[in-house]
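Protein chains in written order, with the numbering used here: chain A, 1 to 273; chain B, 274 to 705; chain C, 706 to 1271; chain D, 1272 to 1660.
Since the hints were derived computationally from the structure, they do not count as laboratory data.
Please read these numbers as outputs of a predicted model, since none were measured by experiment.
Do not take every clue at face value.
What the hints assert, rightly or not - Computed cross-link-like contacts, DSBU-like style, restricted to lysine-lysine with a CA-CA straight-line distance of at most 35 Å:
| hint | chain 1 | residue 1 | chain 2 | residue 2 |
| --- | --- | --- | --- | --- |
| 1 | C | LYS862 | B | LYS442 |
| 2 | B | LYS528 | C | LYS1256 |
| 3 | B | LYS472 | B | LYS496 |
| 4 | C | LYS920 | B | LYS496 |
| 5 | C | LYS920 | B | LYS495 |
| 6 | B | LYS442 | C | LYS920 |
| 7 | B | LYS468 | B | LYS496 |
| 8 | C | LYS800 | B | LYS582 |
| 9 | A | LYS83 | C | LYS1256 |
| 10 | B | LYS503 | B | LYS699 |
| 11 | B | LYS528 | C | LYS920 |
| 12 | B | LYS575 | D | LYS1467 |
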Amino acid sequence: MQRASMAPDAAEIVLPAESTPVRPIRQPAGSILYLDGVSVSFDGFKALNSLSLVIDKGEMRTIIGPNGAGKTTMMDVITGKTKPNTGDVLFNASVDLTKMDEAAIANLGIGRKFQKPTVFEHLSVFENLELALKTDRGTFATLFFHLTGPQARRIDEILGVIGLGDRRKEKAGALSHGQKQWLEIGMLLMQEGQLLLLDEPVAGMTDHETETTARLLLDIARERSIVVVEHDMEFVRALGAKVTVLHEGSVLAEGSIDTVQADHRVIEVYLGR
Amino acid sequence: MGTFKGGIKAVALGCAVAVSALMAGVAQAAEPIKIGVLHSLSGTMAISETTLKDTIMMMVDDLNKKGGLLGRPVEAVVVDPASNWPLFAEKARELIEKDKVSAVFGCWTSVSRKSVLPVFEETNGLLFYPVQYEGEESSRNVFYTGAAPNQQAIPAVEYLMGAEGGDVKRWVLAGTDYVYPRTTNKILEAFLMSKGVAKDDIMINYTPFGHSDWQTIVADIKKFASAGKKTAVVSTINGDANVPFYKELANQGIKATDIPVVAFSVGEEELAGIDTSNLVGHLAAWNYFMSVDTPENTAFIKQWHAFTKNDKRVTNDPMEAHYIGFKMWTQAVLQAGTTEVNAVRQAMYGQKVRSPSGYDVVMNTNHHLSKPVMIGEIQSDGQFSIVSQTEDAIKGAAWSPYIPESAKLTADWTFPWVCGNCTEPKYTAYAK
Amino acid sequence: MIKSHLARVTWVLRGLHAFVLAFFLMTGLLTVGVAIGAFAASSAWADEYSDALAGLAAPAFNDKVAAIDALARLGDERATPVLEAMSDNRLYTRKEDGRLVIGGTGRDIALTDAATGEALGTATSRDLTRINVNNALRTALGGAIGRLQINNADPAKRLAAAETMARDRTPEAMALLRDALAREKVEDVRAAMALTYAKMSLTSTDPAERLAAVKEVSGRLSSEVRALVAPLAATNPDGSFAEPDPQVRAAATGLIARIDQRLMMTELALNLFQGVSLGSVLLLAAIGLAITFGVMGVINMAHGEMIMLGAYTTVVVQQLFREWIPAEFFGLYLVISIPAAFLVAGAVGVLMERGIIRFLYGRPLETLLATWGISLMLQQLVRAIFGAPNKEVSNPGWMTGAFEAMPGMVLTYNRIAIIIFALAVLAGLAALLRYTPFGLQMRAVTQNRNMASAMGIRTGWVDALTFGLGSGIAGVAGVALSQIGNVSPNLGQGYIVDSFMVVVFGGVGSLWGVLAGAMTLGIFNKFLEPYAGAMLGKILILVFIILFIQKRPRGLFALKGRAAEA
Amino acid sequence: MLLMSRLATLESRRGWQVFLILLVLTIVLVPVLNLTLPPESPFHVPTYMLSLLGKYLCFALLALSLDLIWGYAGALSLGHGGFFALGGYCMGMYLMRQIGTRGVYGNPDLPDFMVFLNWSELPWYWLGFGNFWFAMLMVMLVPGALAYVLGWLTFRSRITGVYFSIITQAMVFALMLAFFRNEMGFGGNNGLTDFKEILGYNVQAQGTRIGLYVASALVLALGYLISRYIVTSKLGRVLMAIRDAESRVRFLGYSVTNAKLFVFTVSAMLAGIAGALYVPQVGIINPSEFSPANSIEIAVWVAVGGRGTLYGAILGAFTVNGAKSFFTGAAPEFWLFFLGALFIVCTLFLPRGIVGLAAQLRNRAARRAIPSTETKSKEVGDAASEHGA
């Protein structure tokens, strides 16, 4: 009936959750991201139910879970798109993310890649990367911005990394689906964030592309913390990182991919009761 | 070389032949005298102004059938300023400078007149303005053929104060918030106070243009009238807002015998859009009503019906003003023997036309007409029954004596004054 | 005269059973006497009567007033039809012989002699000179007719007379009313007479009578009564009381306090009614937009023109009724106009959707420009066909007038009709969306176009029909709005901004939001108007809406999370 | 140095050539043709044409300002007529103060309409407007401040697309009603008129007209360069990114609110300047300039010319207004049909306006090979989806 409701931020109105927060496993010290008892509900539907999660500095974490488990909502909470009803979200063990808006959180060094590749279609590949470049992002600074030599070289470098060097002047809208995914990863790299959140980075990619992406991510992970949400088990296996399984808005299981796959609760959730 | 010279000669000869042929052609066909018609044909004011355009077209048509003017046909240049005030100025300039019209007939709202005024003054054009207005203006380049406040508002209020009008003691001055109602109400307030009406017995109310929800105001009027004294409403409500106003009056059961409403902007054309069976007895003051029973008026109506090919079309006061203005202009052109503006202006003073209202209407040196004032009551057929009219024509006053600042001003465009707003003649020294 | 004497005699007879015989004789004598007297006087009366009749045609206003007074004083009931005709502008003098005649209606005027009632054939308006009447004369005529009819056999006429006489405070009128009151049997008429009499005797010189009058009028807590009683409670400039009798003064002061209290309540109720009424106008104007804009997301700037088309359809239907249908069915034209307007505006809407708008889905701001172009063209088209001036739309009889819900609170029938109509349209629309297959398809298409298409719904036609529905409802609104406002080519322009405000304020896509939005804005506006004035009130409301949207960008009835139903 | 090199990047070499040729043609050739040639000459530019062109130049600047916010940031303001009129009123107030004792009532301090409404002294908000430079400052500050406040409220609440359009429309509607009120002290319905002098020159003199015309052309050129500077800067790319995917820009760390607020305010200031140049040339400013229909018309100019190109907006303003001037004289009864049809044709067949026409024709052949991938999305309020075509 209602088209307006299809708009991206239609779900802003949130109702208080009723659950009691569960204490997290450990204290925030030393973590890059610390979620404690985070709950979010839309119209009585609990998207996150007292979720607690800790990511260490330099850690790579994979998050899996069936549809509606709350993966994307969790990302929304971390990046400031959705405010949690209850719970703490701390960055670097000290910064309270729930008090900040998206831009401020991005400027802290948290980068995000969306499930559906979102690049600026009317800008060229180069310009897309330029926008993501880590500099002062104030309005007047942007107005009088002048690209320096090192910055231009950095963009060229990333263009090489994501394999779009020969398409730098083309409009991003003209790229294929996989190339858009890569461009978006390239933009994440330009941001030089400390924490990268990737929502299904290999969706719609060929096997070969998936492999390359996995290598790229492992490469990046040496300097940064990364959280990857993914369905593709092969890819998850290739990353070889610790896996967290979400179900109905809270953590169901945590561990290596093999432990998790052997967990009967996980099997139950994935195969149905 | 020789051939080149010969070529020039041939061209020159050819040119000469062509020019003389052209001249001859002009002499034979007689270049038309152009007049401009500057009335909105679209936008909010089209409701009122299209009729005036048709009136001028009818007059031009008639004049051409009778052989034109000074042996030349008259051509009306019609433009559409689209109820957009700056566009009025643009179109006025275009008419005068590009089309080189001898006179312009046009405008309805005060603001459109104010907008074109600098253009007419700069280019020394001639504007005939046919609508009743607030006065407080006299331009060398405008002839005001509509009523000034003393030719409409004051006689109407005087009528209501008298026994025939019902001995009204309490007054509601309701108007749209713009300059005409503001001025008229200011004049009326001063006039009423000078007649001993207390301030408490005057209620002034302004509404926005196109106001459509009159419930509150009509209820307020009823409340104000329930104080026991005979109450009347003097309405300067503008065009569009009148229909819902009258509908609300009728529905709330306000009869003319209880609270008469006298309007200065409601004529036959406006009533054509309203079912008047419940409005019988409410009044309007004008210088002309379609129901005037004179041979001139019968002829005028007949001509109008023939021109529009519709015998249901009504005539109204601004149309009559245009009729008078156009007749006067043709008479002045004939008298001056030219369409040149300065000569025509001089010839306009004292020009006399037998108007459809049955009076000899005269143009005064303050650029306003002497016209009769008539008060009519609305009847169920959408016409007015004339209940009072002045014996003689009343001279339009550009400056109202009831406004202190304007009381001291004089408009007289003849020697020794030659001024629209002066406290003393410009040529006092030479006048002796 | 004779008749009334007899009536009184009969009354006397009834009261005195015991002396039937003796009084029978006496009455006989009396009757004979009266008859003789009447006969003797009749020639003198006849002269005075015909003089007065002739005076009606006098050119001077004062002479006419004198003649009317004289006729009222004479009390000859033959004068009633003459005075009524005069009041209706149907009294003429015939040009050929100067005879005073009463004319009928119509092109050929049927004439009757005013003095004798004799039929005189027909004439045209050229043969006659109308006797001009103005408001003052009409008031005088009303009073005179009232006096003549206060003893009429028809109770309805007596009631009307009792009410019109309230303005006539002469001693003669009072005496007449006192007599009539004494004889009156019909309860309603009696009450009306008593009230009128009390109003008259508030200025009586006898304190007891004044007190009785105050008591009598205290049943009606209206501002009119307040104005009448106010002098009794007033103080003179020197500080003394205008009313010497303390008892009367106390009664008057008490009554005024009660009236003031009542008036405050009345005003509140009236404001509420006016607000609801304005709200229903806004609702009607916006409801079509709630479909085209709210449901389909089309910024339809030609929405106002759909309303205008509906209003012009009403004009055409009305014209057809005037020409082809007997006058007694004229009131039905509105009933026919509703489906006609729906079809006309709906058809134009479908054409618009198929011809232009469907190519612009997903580009809402360009739809805005294209529909703006359509609106300009439609306005000019209507101007070319019907002419620029306003068109007349008459209210059918059942929508004219008002009733007084309580003293001082007049509710007009057309406003009530529009409130009911607006709610009915809303309810109908809600039912259509909820219970019909079309409504189901429409909801399916708007919620998930691809899915609906996959299920075999012809989404293109559903779009066209949905847009047609919204436009058609705007057309129906035009029928209603033609009853209270202008019908001109600019009609739609006046509603377009308001309609958008209502839809956005109420919550896009929600019918109940539109209802709540329209009513809130209407009532808010009407409560603001007395304090801020009409213009400032409107400005304040716009500012309020701007600020409100900041707080709740999706309007009052924002649909949350999952797509709710409209 | 840096500035010069930055300026050079505003346009391509050919762009600069065209720009300069057009500028010279407008500010030199037209006045020369008006002044030197006799009226009979076919190349003579009559004075009425000059003032018409002057008016178009102001409209072009107005269209340019709207293109900045609509074409680049994707927010269609239906309130630009309001900023234009506010700038016009500021200029009008200055001009009113220059009348001095030459008004009909001869009051040295008060404009005629205040004398008439029995006001005894100038209201506080008229103070200072006797000074030209103060008035010019206000021409930019007043519309700018209003845009800043309104923009801050709306952009902060993330009101986009149609909702933004409707809010700005409500704003002009409220302004119109407010300025209609005589109590406001801006002359009510008649507005401000009867101007005599600007900076000591008679406003009706031919020399002044030419001066105003040249000033309008220069300001338009300057406005164009400023706009070019903004849209070719990184901020320009941020704006286009906002137009494409507003929320994505936030995740890159840019403040969408501030970027939009900046360009909205600049745009409103440009509109105010356009209004200030317009008023002395047409000789009147009144509340009908605030009417919502006027603001919609501005959007139409931009759409007809082609939005998101800046020069398209200028072209559109000239085309539509030229057509309007021509048709209201040549076909007074039918011009609305032409105008209406123009809007429909432009939106249906020229989604990128007149300037997009050439590209559209060029691409036609190429496009045939690739089937359209456009999906039928009908989201309300999603500015990004506007560019689906």
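Evaluation of the provided hints:
Between the alpha carbons of LYS862/C and LYS442/B the distance comes to roughly 31 Å, so the proposed pair stays at or under 35 Å and holds. Using a Cα cut-off of 35 Å, the hinted pair LYS528/B and LYS1256/C is violated, with the two alpha carbons roughly 48 Å apart. About 17 Å separates the Cα atoms of LYS472/B and LYS496/B, which keeps this hinted pair within 35 Å; it holds. In summary, the hint linking LYS920/C to LYS496/B is supported, as the alpha carbons are separated by about 23 Å, within the 35 Å threshold.
Of the supplied pair hints, the one linking LYS920/C and LYS495/B holds, its CA atoms being roughly 25 Å apart against a limit of 35 Å. Taking the CA atoms of LYS442/B and LYS920/C, the gap is about 29 Å. The hint holds against a cut of 35 Å. The straight-line distance between the Cα atoms of LYS468/B and LYS496/B is roughly 24 Å, inside the 35 Å bound, and the hint therefore holds. Note on LYS800/C and LYS582/B: the hinted pairing holds, with a Cα-Cα distance of about 32 Å set against a maximum of 35 Å.
A threshold of 35 Å between alpha carbons decides the hint, and for LYS83/A with LYS1256/C the separation of about 17 Å falls inside it, so the pair holds. Restraint check for LYS503/B and LYS699/B: the C-alpha separation of about 48 Å exceeds 35 Å, so the hint is violated. As the CA atoms of LYS528/B and LYS920/C are separated by approximately 29 Å, the hinted pair is consistent with the 35 Å bound. The suggested pairing of LYS575/B with LYS1467/D is violated, with an alpha-carbon distance near 47 Å, which exceeds 35 Å.
In this structure, the hints that do not hold are numbers 2, 10 and 12, in rising order.
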